[in-house]
Structures are given as C-alpha cells and as structure tokens.
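Whole structure, please, built from the sequences with the hints as guidance.
Chains A and H, in that order, are what the protein sequence lines are.
The numbers in the working numbering rise by one with no breaks, and the one at position 50 of the first sequence is 50.
Take the position in the second sequence, starting the count at 1, then add 391; the result is the number in the working numbering.
The set of hints was computed from the structure by calculation and includes no laboratory data.
Each hint should be verified, as a subset may be incorrect.
As the list claims (entries may be wrong) - Simulated crosslink set (EDC-like; lysine to aspartate or glutamate; CA at most 20 Å straight-line): (1) Lys-62/A x Asp-324/A; (2) Lys-78/A x Glu-603/H; (3) Lys-78/A x Glu-503/H; (4) Lys-260/A x Glu-503/H; (5) Lys-78/A x Glu-494/H; (6) Lys-260/A x Glu-603/H; (7) Lys-245/A x Glu-192/A.
Stated by the list, open to error - Rough simulated footprint, nothing fancy, chain H against chain A, three-plus residues with beta-carbon under 8 Å: (8) 224-235; (9) 244-253; (10) 261-273.
Stated by the list, open to error - Some chain H residues well away from chain A (every beta-carbon gap over 12 Å; in silico): (11) Asn-446; (12) Trp-448; (13) Leu-456; (14) Gly-475; (15) Gly-552; (16) Lys-574; (17) Ser-598; (18) Arg-625.
Built from N, CA and C at the ideal position, the CB exists for glycine as well.
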Amino acid sequence: MVSISRRTLMAGAASLLVAPAVAAEPDSFRIGGIVSFSGAYGIIGQSMRRGVEIAVQERGGKVLGKPIEAMWEDDETKPQVAVQKATRMMSSNVQMFFGAVISPSTLAIMKLAEQRKLPVLVTASADDRITGADKSRYAFRTSGNSYSENMSVVQHLKAVGTKKIYGVAADYNVMRDGWSLVKQQLGASGVEIAGEDFPPIGTGDYAVIIDKVRGSGAEAVVVVLTGNDGVTFVKQAGSVGLNDKVRIMGPNLMDELVEKAAGAAALGVQSAIRYHFTLQNARNQRFVESYRKAFNDYPDPFAGEAYDGMAWWLDVVDKSGSWDRDKWVDAFEHSRREDSVDGLKTMQACDHQAVSPGLWAEAVKGAPPMPELTMKVLDTFPPDVIYAACR
Amino acid sequence: MTTLLIGLSLGMLLLLLSAGLSLIFGMLGVVNFAHGGFYMLGAYMGFQIAQWTGNFWLALVISPLVIAAAGAAVEVLTLRPLYGRDPVYQMLLTFGIVLLIYEATRTLWGLEYHSIAAPPVLAAAVHMGSIEISAYRLFIIGFGALVAAALFVVLERTPMGVLIRAASANSAMVACLGVDVAKLRTGVFAFGTGLAALGGVIAAPISPIQLEMGFAILIDCFMVVVIGGLGNIRGAVAGALLIGLIRAFGARYLAQWIDVLTYSVFVLVLLTRPRGLFATAERHA
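Have a look at this one:
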C-alpha cells in the first residue's frame with residue numbers, strides 16, 4: 001500500500017491552488033467548449049459550436065503553431081451539469097473555456113476557471129453580472145449584454161417617439177431588471193407606462209396578458225421574455241392580430257430561430273439583435289460563405305457571435321507568441337477588433353465587456369435563398385448610448 | 392368574459408391530456424410519466440403530417456392514431472410483463488420511456504422549434520362586443536367539450552364503458568367472467584396515449600413545438616388528476632376546468648402569482664380531500 005504523508009498531501013494541494021498560468025508547451029491548444037446541446041436552450045449550442053468550427057478552420061486549425069483541439073460538452077441547460085463537465089475538462093488540461101449558453105452556467109464556470117487561471121470566452125450569456133458584479137480577470141464577453149439590449153429598446157422607442165408602453169417581463173431577476181431599466185429610462189423621458197406584468201418563466205399561455213395589453217391603449221409592448229416564453233407570446237399575440245394595433249418588441253425577443261417557431265405571427269415583431277448574416281462587411285461575407293458551404297444554412301446570431309469572439313481571441317493568442325495565459329489575458333483586455341462581423345469591437349479593460357454598435361431589426365419575409373422569415377436590420381445604435389460607463 | 396373563455400380553452404386542452412392519464416391510472420393502476428412524452432410526440436407527428444399534406448385536419452386525425460398504435464405496442468411489450476410487480480417498476484419504466492421518446496424525437500426532428508399554423512378558417516380573431524378572442528381558442532373549447540361528452544357517453548352508457556369501469560374496480564373478477572382483460576388494458580392505454588397526442592396537435596397552433604413541451608404540462612395534468620380523483624373522468628373534467636380558470640384569472644389579476652395560486656389549490660385539495668374532489672366512497676362487504 002502506498003502511503004502519502006500529510007506534508008506531501010498539503011504540498012500537493014497547495015501546488016494545485018497556486019497553479020501557474022503558464023505550462024510547458026503542449027502538443028495542442030485545447031478549447032473546452034461547454035454549451036447546451038439539450039434542454040430548454042439545446043438548439044443554441046449547436047450554432048455556437050458551428051461558429052467556433054469556422055473560426056478554427058479559417059486559420060488552418062492552428063494557433064501558436066499547434067493544432068487546435070476543441071472538446072465539446074453538453075450542460076443540458078443546467079448550471080450544476082456545467083460545473084461537473086468543466087471540472088472534468090480541467091483534468092484534460094484545456095487551455096481555455098468557451099461558453100456557456102445560460103448565464104448561471106457561465107457564472108459557475110467562471111468561478112472554477114478563475115481558480116485555475118483559465119480564460120473563459122463568453123459569446124452568448126447576457127447577464128450583466130458576468131462583466132459586472134461577478135467579473136473575473138480571466139473572463140471576457142465579446143457579445144452584447146442584457147443592459148445594452150434593453151438600452152437598444154429604449155433608444156428605438158425614443159427615436160420613434162412612442163408615448164405609451166406596456167411591459168411584460170418574466171418573473172426572474174435579469175428580466176425584471178431589464179424591464180425596470182426600460183421603464184426608468186423612458187419614464188424619465190415622459191413616456192407613460194400603461195401596465196406591466198411579470199408571469200413566471202415557463203408560462204404556457206399569455207392570452208389573458210395579451211388581452212390586457214390590447215385594452216391598455218399602449219402603442220407598444222416591450223416583451224422581456226426569451227426562448228419558449230418569447231415564442232409562445234409572439235405566436236399567441238399573432239392569433240388575435242395584436243401586432244396590427246400594438247407594436248411588439250423586446251431586447252432579445254426575435255431572431256431566425258424564433259421566427260421559425262412563431263411562423264407568420266412573427267412578421268413585424270422588432271427586437272435588438274446581436275448579429276445578422278446580412279451585415280455588409282468583408283469579414284462577415286467571408287464568414288457567411290464558409291458557414292453556408294459547411295452547413296448549408298445561414299448563421300444565426302449565436303453562430304455569428306461565437307465565430308467572431310473565437311476568431312478574435314485566437315488572433316490575440318497567436319499574436320502573443322506565448323503559452324502564458326496571463327499574457328493572453330493582458331493582451332485581450334486591451335485589444336480592438338477593427339473588422340469584426342459587427343463592425344468595430346473594443347474590449348473594455350475595466351470589466352472585460354466588448355462594446356460594439358447595437359442592431360435593431362424587424363421580422364420580415366425573406367426572399368430566396370434567404371430563410372422564409374428573416375430579420376431586417378432597421379437601425380444601428382452607437383456603443384456609447386447602449387453600454388453603461390465602465391466601472 | 393374574455394378571461395373566462397381563455398380559461399375554458401386552457402381547461403379543455405388540459406382535459407384532453409388528463410382524461411387519458413386518468414383512464415390509464417384507473418384501468419391499469421399505472422402512474423404514467425410518459426404521458427407528456429406522448430403529448431410531445433403527437434405534436435411532432437402532427438407537424439410532420441401537416442408538412443407533408445399541408446392539412447391541419449389530417450394531422451389532427453392521423454397523428455393520434457399513429458401514437459395510439461405506438462402506445463399499444465409500448466403497453467404490450469413493456470408494461471404487460473410488469474403488472475404483477477411492485478408499482479415502482481411501472482413508474483420507473485414509464486420514466487425510461489420518457490427518455491426514449493425524448494431522444495428519438497431529438498434524433499428525428501432535431502433541436503429546432505417547429506410550428507403548425509391554425510387552419511385558415513380559424514386563423515382570425517373573433518370580436519363580440521368588448522370580447523376579442525382567437526377563433527382557434529373557441530374551437531378548442533368546442534372540441535374539448537365534444538371529447539368530454541363522448542368520453543362520458545362511452546364510459547357511462549355503453550357496454551364497453553361498463554367493462555372498463557368494472558375492470559378498473561376489480562380486473563380479476565372481470566377476467567373470471569371471461570373478458571380478455573389484457574386486451575382491454577392495451578386498448579385503454581392506446582386510447583389514453585391517443586388522447587395525449589390529440590392534445591399535442593391541438594396545442595401546436597398556440598404553442599411552439601419543442602422537446603420540453605411535455606414536461607411543463609405534465610405537472611398541470613397530474614394536478615388535474617389528483618384534484619379530480621385518480622381514475623375519475625368526471626373529476627378530471629372538473630379539475631381541468633378549475634386549473635384552466637385559475638390560470639386565466641390569475642394571469643388577469645396576479646400574473647406573477649399564477650403558479651403559487653395553482654399549487655395552493657392543489658395542496659388545499661390534498662389536505663382536505665386527499666382522494667380528490669370527486670372521489671366516491673368505496674363500499675365494502
């Protein structure tokens with residue numbers, strides 16, 4: 001029987017806790033991708049993985065002269081599963097984490113990764129805490145956050161001069177905070193709040209709330225719901241023609257995935273979006289072409305943001321010429337992406353939140369070869385009006 | 392009035408599911424966790440048929456028949472060998488079937504959302520004074536009432552209904568009288584799963600078709616069945632309407648308290664009438 005002295009054990013544990021961020025040069029650059037391939041947001045993980053695959057493929061599958069090896073795990077849209085999978089991946093010596101989809105998973109992964117000084121690249125989760133109250137030296141978000149998406153709603157409503165609005169937000173902190181921000185910003189501008197409702201997440205029927213919105217005299221309803229809840233609201237609103245009387249919009253309400261589920265009811269619904277495949281710039285056109293060639297489909301916002309974040313990160317890592325993870329972090333927090341798929345993106349060193357122009361779009365009928373229903377970008381907001389000042 | 396109509400439509404949709412669940416429990420004594428899975432499968436199958444034919448009505452007829460056949464196969468192959476054993480085995484089995492249905496559906500139809508449009512004749516909103524409601528919801532109310540009436544007539548007024556009720560009360564005695572109880576059980580399970588699939592197709596034009604759709608509604612179904620009394624169809628009708636109306640009026644006046652209200656009623660019934668609101672006293676010799 002092998003005996004281990006207490007001193008040896010303590011020394012071993014201590015060495016784990018203070019593991020250096022630099023290791024001997026490995027055979028490959030391992031990315032630990034933890035996303036949702038099943039559960040409520042299962043469809044998003046597949047898009048994110050595809051976006052990353054294009055980013056890796058675009059650079060010949062290599063960074064720092066070594067092959068890139070992306071390992072993928074499904075968190076089943078549950079934070080406790082994300083922690084298990086992340087712990088397992090750390091024992092496989094990943095150099096970084098990518099993910100997750102839902103914010104609770106991302107926050108859990110960030111806590112684990114910080115102890116091991118592993119960078120985390122976030123391109124989907126929107127909770128403000130990721131780059132706010134719970135920010136980490138090793139976590140970066142290259143996509144928009146909840147604040148910027150809600151501020152896009154505010155900017156749009158101010159621009160079109162709406163006088164009276166109704167709010168429907170899921171009874172969940174992030175969603176309620178989002179609606180509070182919209183209400184406070186527009187209230188200060190003299191916009192009347194006709195009513196507000198906070199149905200629980202997973203509410204299967206919004207018909208009564210839709211009827212309240214209809215009777216409220218509001219010109220627009222701000223719907224702070226996502227996923228199944230957002231689809232159900234839009235679909236049921238369409239069945240009584242709500243969009244003919246009250247404009248339906250939200251910070252994260254509509255994209256091509258939701259349109260497919262809501263069908264014709266989605267037409268005319270407006271939303272902040274993070275990315276769109278029709279954006280006219282050289283990098284985006286190249287990305288869309290590669291994506292369509294590989295997957296015979298147009299990239300959705302999650303694929304676009306995953307591609308953009310990973311391509312940016314890998315460029316910075318490669319340029320650092322080092323396997324020292326702290327050097328990657330130092331370089332990335334001061335970097336700018338002049339030619340991102342969304343235009344100029346700037347990483348804020350103070351909170352590791354990238355800022356970029358906000359997109360405002362409407363669901364319209366698409367002409368072939370585009371999807372039958374697609375988003376049309378109507379407006380663009382500069383970063384300084386939709387992102388909070390860096391604290 | 393709009394709220395009342397919406398509540399009735401929710402109740403009728405719940406009834407389609409909970410009636411099958413209640414029948415299966417009453418006849419087979421099985422707490423069928425797979426019921427939500429069959430509901431989801433019915434919606435996906437309906438979507439597929441609507442895609443192929445472009446006809447909602449065909450989807451409404453064919454999908455429940457296909458799923459009922461699948462239900463019969465499941466009963467014969469998996470549940471039948473377990474009737475004599477501890478009910479825990481049956482519960483575990485139905486739980487396993489849920490996972491099987493989930494994975495099969497994911498493989499066949501993928502992760503993306505799907506949708507069925509309401510038939511054109513029911514696509515518009517109906518205006519009656521200050522009431523505005525989608526025509527499709529009125530259809531759900533009418534269709535649900537028809538199904539409830541048909542169930543009542545079959546169970547209470549036909550020889551088949553007498554057999555089912557007798558077998559629910561004492562299957563061994565019915566078997567002694569020469570009735571093939573095994574076939575009867577298969578028929579009831581198939582009918583119950585067919586009803587679940589019917590609910591799935593009916594729900595599809597007002598809800599997204601997605602893999603999680605069976606989980607959330609199953610909780611409401613179990614509440615309906617418990618409130619009404621396990622195995623009691625009249626109770627299921629009353630329970631479904633009660634839950635539907637609580638959800639609708641809750642959304643009208645206290646949206647964030649809908650779940651608390653619904654679960655409170657459920658707990659209250661369990662505390663005061665643990666055998667359900669419509670349980671009848673058993674007579675013993």
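Hints the structure fails to honour: 9, 17
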